[in-house]
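Participant: Okay, here's what each chain looks like letter by letter:
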Amino acid sequence: MENILQIKNLYKSFDGSMIHQGIDFALGANESLGLLGSSGAGKSVLLRAIIGLDNIDSGEILFRGERVDNLKEEDLYKVRTRIAYAFQSGALFDSMNVFENLAYPLKAHTRLDWQAIDKKIEEALDIVGLPETKSLMPADLSGGMQKRIGLARSIILNPEVILYDEPTAGLDPKNVANVVAIMKIAQKRNIASIFVTHDMAAAMEVCDRILIIGKGKVRFNGAPSEMKESKDPHVLDFFAMEGKSA
Amino acid sequence: MIQKEATKASGFFLEVGQIARLLGKTLAASLSRPFYFHAIVEQIVVLGIGSALISGVIGFVIGLVMTLQFGHGLNEFGGTLYVPSIVAVSLMRELAPILTSLLIAGRVGSGIAAEIGSMNVTSQIDAIRALGTSPVRVLVAPRFLAVLFSLPLLTVFSAFMGLVGGLIISLTEFGIPPGFYINKVLEYLHFYDVLSAIIKAAFFSVIITITAAYKGFNTTKGTKGVGDATTWVVVSSSIGILISDFFLSKILLTFFAI
Numbered sequence: 046m047e048n049i050l051q052i053k054n055l056y057k058s059f060d061g062s063m064i065h066q067g068i069d070f071a072l073g074a075n076e077s078l079g080l081l082g083s084s085g086a087g088k089s090v091l092l093r094a095i096i097g098l099d100n101i102d103s104g105e106i107l108f109r110g111e112r113v114d115n116l117k118e119e120d121l122y123k124v125r126t127r128i129a130y131a132f133q134s135g136a137l138f139d140s141m142n143v144f145e146n147l148a149y150p151l152k153a154h155t156r157l158d159w160q161a162i163d164k165k166i167e168e169a170l171d172i173v174g175l176p177e178t179k180s181l182m183p184a185d186l187s188g189g190m191q192k193r194i195g196l197a198r199s200i201i202l203n204p205e206v207i208l209y210d211e212p213t214a215g216l217d218p219k220n221v222a223n224v225v226a227i228m229k230i231a232q233k234r235n236i237a238s239i240f241v242t243h244d245m246a247a248a249m250e251v252c253d254r255i256l257i258i259g260k261g262k263v264r265f266n267g268a269p270s271e272m273k274e275s276k277d278p279h280v281l282d283f284f285a286m287e288g289k290s291a
Numbered sequence: 030m031i032q033k034e035a036t037k038a039s040g041f042f043l044e045v046g047q048i049a050r051l052l053g054k055t056l057a058a059s060l061s062r063p064f065y066f067h068a069i070v071e072q073i074v075v076l077g078i079g080s081a082l083i084s085g086v087i088g089f090v091i092g093l094v095m096t097l098q099f100g101h102g103l104n105e106f107g108g109t110l111y112v113p114s115i116v117a118v119s120l121m122r123e124l125a126p127i128l129t130s131l132l133i134a135g136r137v138g139s140g141i142a143a144e145i146g147s148m149n150v151t152s153q154i155d156a157i158r159a160l161g162t163s164p165v166r167v168l169v170a171p172r173f174l175a176v177l178f179s180l181p182l183l184t185v186f187s188a189f190m191g192l193v194g195g196l197i198i199s200l201t202e203f204g205i206p207p208g209f210y211i212n213k214v215l216e217y218l219h220f221y222d223v224l225s226a227i228i229k230a231a232f233f234s235v236i237i238t239i240t241a242a243y244k245g246f247n248t249t250k251g252t253k254g255v256g257d258a259t260t261w262v263v264v265s266s267s268i269g270i271l272i273s274d275f276f277l278s279k280i281l282l283t284f285f286a287i
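Taken in order, these protein sequences are the chains called A and B.
All residue numbers for the first sequence refer to the working numbering, where the first residue is 46 and numbers rise by one.
All residue numbers for the second sequence refer to the working numbering, where the first residue is 30 and numbers rise by one.
Among the hints, a few may not be true.
[Claimed, not checked] Simulated crosslink set (DSSO-like; lysine-lysine; CA at most 27 Å straight-line):
#1 A:LYS152 with A:LYS179
#2 B:LYS54 with A:LYS152
#3 A:LYS123 with B:LYS33
#4 A:LYS117 with B:LYS54
#5 A:LYS165 with A:LYS229
These are calculated hints, taken from the structure and not from any lab test.
Extracted from the complex, chain B is given alone in its bound form (with noise of 0.2 Å):
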């Protein structure tokens, strides 16, 4: 029972030091020649643009919601005028990069883990390598620099359109005017928020990219396998995300000391 443990344990250690591995390989394609910029290109429109309609619709029903149950809440004693920059703080510090990496990794960590898990069962990752080139630098680099340069970016998207969203229900149902709310909001919102929303959506595309495309290159067992893959990298990078956001949270609210 013991050694079961001790086995599993030595399995996770040794599966995270492979995971860092390909990190440190990643980075190192993806700041060395040749660059592969149109493949880099081609993913941002793929996996960037492919999901500013989701993460914008996401973004602006949390802003509806939030205002609704924060209106409400602070209604009852007499706060309602505070719900501008509540909303606001809240949706760019947490809830928009948290919200739009988790759906990432939904729909974009799930698709390079099947992408790479279906050419690692089908002998297209051996080809690659046994064309003399590296599937780090053909496959992972591009996907790794396209999710860090659009995850930020629909972070940033979200957190506005939830803004928006905040906006349309404090005027409809607390009566708040928009030029208040908008004062309200560039009053308490920070550089700092922003800046944080940016380096947690940075960081969690690290987490996305790297474990889809770690499933990926160890994906066996077929279709099957590549199915497998796909749940694993949901389930991991979901948790590493809610996991690395409170040291995240806590490290940036250190640093700026806010």
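For reference, chain A alone in the conformation it holds in the complex (with noise of 0.2 Å):
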């Protein structure tokens, strides 16, 4: 399989203390990635530096093949186009109705005319199940339902890669179903995605592979159905953690 992305031994660090220690992994085109690892494993750390949100200390990040962690700013909006971010909290522009905040991209990156944007809308509207709501401010939406206009605003643009930084946590079971049944979508359009998230049955029932992070390195890289068997240390305390959490 084709790699879409990859991390060659990243290092990154905060405030002296050292939270990824020679990270390597790739993702396939198509391909959904469970990212798994305790919390302050720097999980959400790396998805920011993937799309260039943080800086790295050191290694490599590639994006087709091209480099991407020592882009400039400006050079990095072009691949925020294709790489998308979907935010823990959803983080849509409070000042704007979500009509606004779903054309914000569509009238930043294209040369759309408003009926086309509208129509794209209702589409994203439609795939996130939220369809009248084009006239309410993210203030009047319970939680999930900003998690899910996020994640209509992360599709809109058509991405390659979608990285999703636990759009399930603090969820109930209902809106989980409605989130994991909008990646399963966007699975379904070819959009590779990495998924953090601590919700072990969602990673399960979305991705197609799973990569454990602990103490700065990666400690499992494999298939779902792998991944209790192994045997190494912090994948096993991950599992005693994340057994005693839920």
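Using the hints, put the two standalone chains together into the complex.
Facilitator: Here is the structure:
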């Protein structure tokens, strides 16, 4: 399988504390990769680094074979239209209604007229199952609905990769099912993804492959079915911790 | 102890450097495509027109008070007739730019810092970046241009209202006829004075918007951080305005050799 994204020997520290110490992995085209690890392992930090929201200390990040970790902020804008980021909170613009939130990337990166933008937005809202929310403000939406609108905004430019930062965190089972359904629709559209989560069941349902990171390194990289067979002490620790918190 | 002071000093210069960098980015974003005309007009309405009433009131009241004080002071030396010219020149050259800018620093600067700061702590700034757009272009440039356009106009408007206040007090307290007052104001108030006010206000608008945006982008620690940021912006930009006013006055006086 062709690799769409490659992370090579990535190091990242915060305030003198080393978060990543040589992370290596690749994401295949159309692949859904689950990124697991205990809290503070640096999963979200890794996602942010991939689209250049945070700089890395050393290593390489390649998208379609081209290095993106050394690009200037202005040069990363194009990359970010091809790699979407779904924030944990949704990160909707609270001064704009749902329509304006979804129109924002379309206005910034396409030459579509208002009619075409409206059509695209209706399609995106249908995918996330919230067709009647166009005129609502983010404050009028529940947390789950905000996340789904955030997902709609992420997929509206038809990206090649989506980075999901804990999209199911803090949701009730019904909303988790809604989010998982949206992720599966994106999967069917051949969008590759990295799914950061603590939700093992959702990861097993969505992901083709699982990566577990701990103490700055990749501790497991394989099929979901092989995950429980790992003998790595960090992976065993992770399962023990997740078992306790579940 | 010395090391602590040295760290503080280097932190200060680092902050000044980052503010200068933000100014450079804002100028570049303001002068290149795409332009967000709709956002600029919206900000002019919110920040500029929204501050017109309070600027006018402040200018008017300052005109009343100054005329009253100068009138009584000069009356002792028989110099009441000089009141219109003194009030006009001091209002236009100093008081209107300074007081209007301090007002805008409090009203608009704190608002910009709070808005950008809140967006920062709720990941909305990251969302702007993640959607392939520039927060400086989207948020700072429209506010920068709006305040740059509005503050000089508000300053001149405030000075005009001050002159109206001066006219009323000159007539009612000192019996100076309106025709004489207006003649004296026009005789002593030169184009240079108005230009000086406009240049100062434009310079102060840069201080206000850039310090506010800088602090907004660097807001941390949630809602408490937003509160701290607004306080910092009002204090810092007020100090910046007052200090730079001295140097600007000196430069402008040298330039125009008045």
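Participant: Are the hints correct? Go through all of them and say.
Facilitator: Hint-by-hint comparison with the structure:
| no. | hint | in the structure |
| --- | --- | --- |
| 1 | A:LYS152 with A:LYS179 | holds (16 Å) |
| 2 | B:LYS54 with A:LYS152 | holds (22 Å) |
| 3 | A:LYS123 with B:LYS33 | violated (43 Å) |
| 4 | A:LYS117 with B:LYS54 | holds (13 Å) |
| 5 | A:LYS165 with A:LYS229 | holds (19 Å) |
Going down the numbered hints, you'll see the structure goes against just number 3.
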